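Novice: Chains as they are written, first to last, in this note's numbering: chain A, 1 to 247; chain B, 1001 to 1203.
Because the hints were derived from the structure by calculation, they are not lab data.
Worth double-checking, as some hints may not be accurate.
[Said to hold, decoys possible] Not the full set, but computed from the structure, chain B residues with beta-carbon under 8 Å of chain A:
(1) R1067
(2) I1071
(3) L1079
(4) K1089
(5) E1092
[What the hints assert, rightly or not] Facing chain B, according to a computed beta carbon distance under 10 Å, are these residues of chain A, among others:
(6) M1
(7) V23
(8) A41
(9) T166
(10) N229
[What the hints assert, rightly or not] Restraint ranges, calculated between C-beta atoms of paired labels, are given here:
(11) D212/A - A1195/B: 39 to 49 Å
(12) R1069/B - D175/A: 25 to 35 Å
(13) G1116/B - G140/A: 28 to 38 Å
(14) D212/A - K1203/B: 49 to 59 Å
(15) G1093/B - D175/A: 39 to 49 Å
(16) A1096/B - S126/A: 25 to 35 Å
(17) A28/A - E1092/B: 13 to 23 Å
(18) E193/A - G1116/B: 25 to 35 Å
Fair warning: this is a prediction, and the values are worked out from it, not measured in the lab.
Note that beta-carbon positions come from the ideal geometry of N, C-alpha and C, so glycine has one too.
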Amino acid sequence: MNTNSNAYTVIYTTLVVVVVAAVLAFTAMKLKPSQDANAKAETLRQMMSAAQIKPTDELYATRNTGILQLYADNIDHAYTIALDGSQNGSLSTDKASIELVDNLKPQNKAIKDGGAVTLPVYVFKSGVSVIPVYGAGLWGPIWGYIAFQPDGKTIAGAYFDHESETPGLGAKIKDEAWFREGFIGKQVAFGTEEPFVLAKNATKGGAENAVDAITGATMTSKGLGEALNVWFKAYEKHFSTFKAEED
Amino acid sequence: MDQKLKETILNPILKGNPITVLILGICSSLAVTVQLKGAIVMAISVTLVTGLSSLVVSLLRNTIPMRVRIIVQLVVVALMVILVDQILKAGEGTYAIDKQLSVYIGLIITNCIVMGRIEAFALGNKPIPSLLDGLANGVGYGLILVIVAFFRELFGSGTLFGIQILPAGYIPNNLVILPPFALILLGCIIWAHRAYDKDLQEK
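Take the sequences, apply the hints, and build the full model.
Specialist: As structure tokens, this is what we get:
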């Protein structure tokens, strides 16, 4: 047979593409449930690391089923808020409705554009409220979870992650325990122009709302500082109601 | 025949190593060698992709229209790469590593070793030797990856497989972590390889 004729070439390439597409569609369908389970467990690990439910290493050594159980044991309730601080929805606390990182990107855009948002708040039984933050690092998105004490301004814990920051430099926001532990006990200055400072020598004057930036990771630190401030401002009105309840 | 098969398997690992002799696949060997674990997963992924793509193309070699052969090869390689990526994402233990390797798994498709072996070997040889040639090239690539990652993780983080090896007082060398150091290290490996195997030296 002449394998170089036009008709043969067209039919051949069409067949190859159809077969490959079928194989890929089948695999994607088969593997989707376990991929989703992994992504959800990952989000839960990060949230529970921020909420100080268990040490981060231990969370990462736990299998997915163990993580789901741990979450079910510790979560109290979850809801979403609008920019004016009012609740505009409740989140089911079962594993099906976990806010994945992918969902934070449109929220981040909506905050900046002043659009309608549904910002999640996860309240754990220990009393801490966990909120996400999201922004741009040097090479790609960075995000994290911040746990607040019941007073609505003291940070109980934090966890950060990134897509493609430089290993050994920007990636330290995720890799180095001392960086996230530096946030514990800090107080966010809600209502001010810059609620939280992440900069060189930021803690020198004993500032309550500051953490030192990472040496050699200027752009990642800057991006993270901006992400924190954008999201803290978005939650500002909501957390101000916490203080009112306390008084 | 037996001698030829042995040659097919051993040549890519030693005398015809894709990285140190053919200087292919340099890009990813700089990017994914910060930690041993990532390097090993990358090595296994590339080995599977080169092996299976060579096998499939070799099976199809008499039917592929010559004018569009590169496109057909590319489709086959892309299929294998996406399969590997999807499987890594689905495994509980490999999910974190896939996240760490991020785009580099997807970029295996641009690794010159894969297309190079298909063009140079699989198109003109029977399926079994093609499979072995692909796998052996992957192993040759992976071997260098692991050697580079060993030094970079040891001196860049003081750990191996995430376990602290060097004493706690060791201050990790930041240069080792950055890609340029991998290039320097690669140069040293090529130097050592050429010094050991005199046949590789140009007259």
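Novice: Does each hint fit the structure? Answer for all of them.
Specialist: Checked hints:
no., hint, in the structure
1, R1067, "6 Å, holds"
2, I1071, "7 Å, holds"
3, L1079, "5 Å, holds"
4, K1089, "5 Å, holds"
5, E1092, "6 Å, holds"
6, M1, "9 Å, holds"
7, V23, "6 Å, holds"
8, A41, "8 Å, holds"
9, T166, "8 Å, holds"
10, N229, "26 Å, violated"
11, D212/A - A1195/B: 39 to 49 Å, "47 Å, holds"
12, R1069/B - D175/A: 25 to 35 Å, "44 Å, violated"
13, G1116/B - G140/A: 28 to 38 Å, "30 Å, holds"
14, D212/A - K1203/B: 49 to 59 Å, "58 Å, holds"
15, G1093/B - D175/A: 39 to 49 Å, "19 Å, violated"
16, A1096/B - S126/A: 25 to 35 Å, "26 Å, holds"
17, A28/A - E1092/B: 13 to 23 Å, "18 Å, holds"
18, E193/A - G1116/B: 25 to 35 Å, "57 Å, violated"
In this structure, the hints that do not hold are numbers 10, 12, 15 and 18, in rising order.
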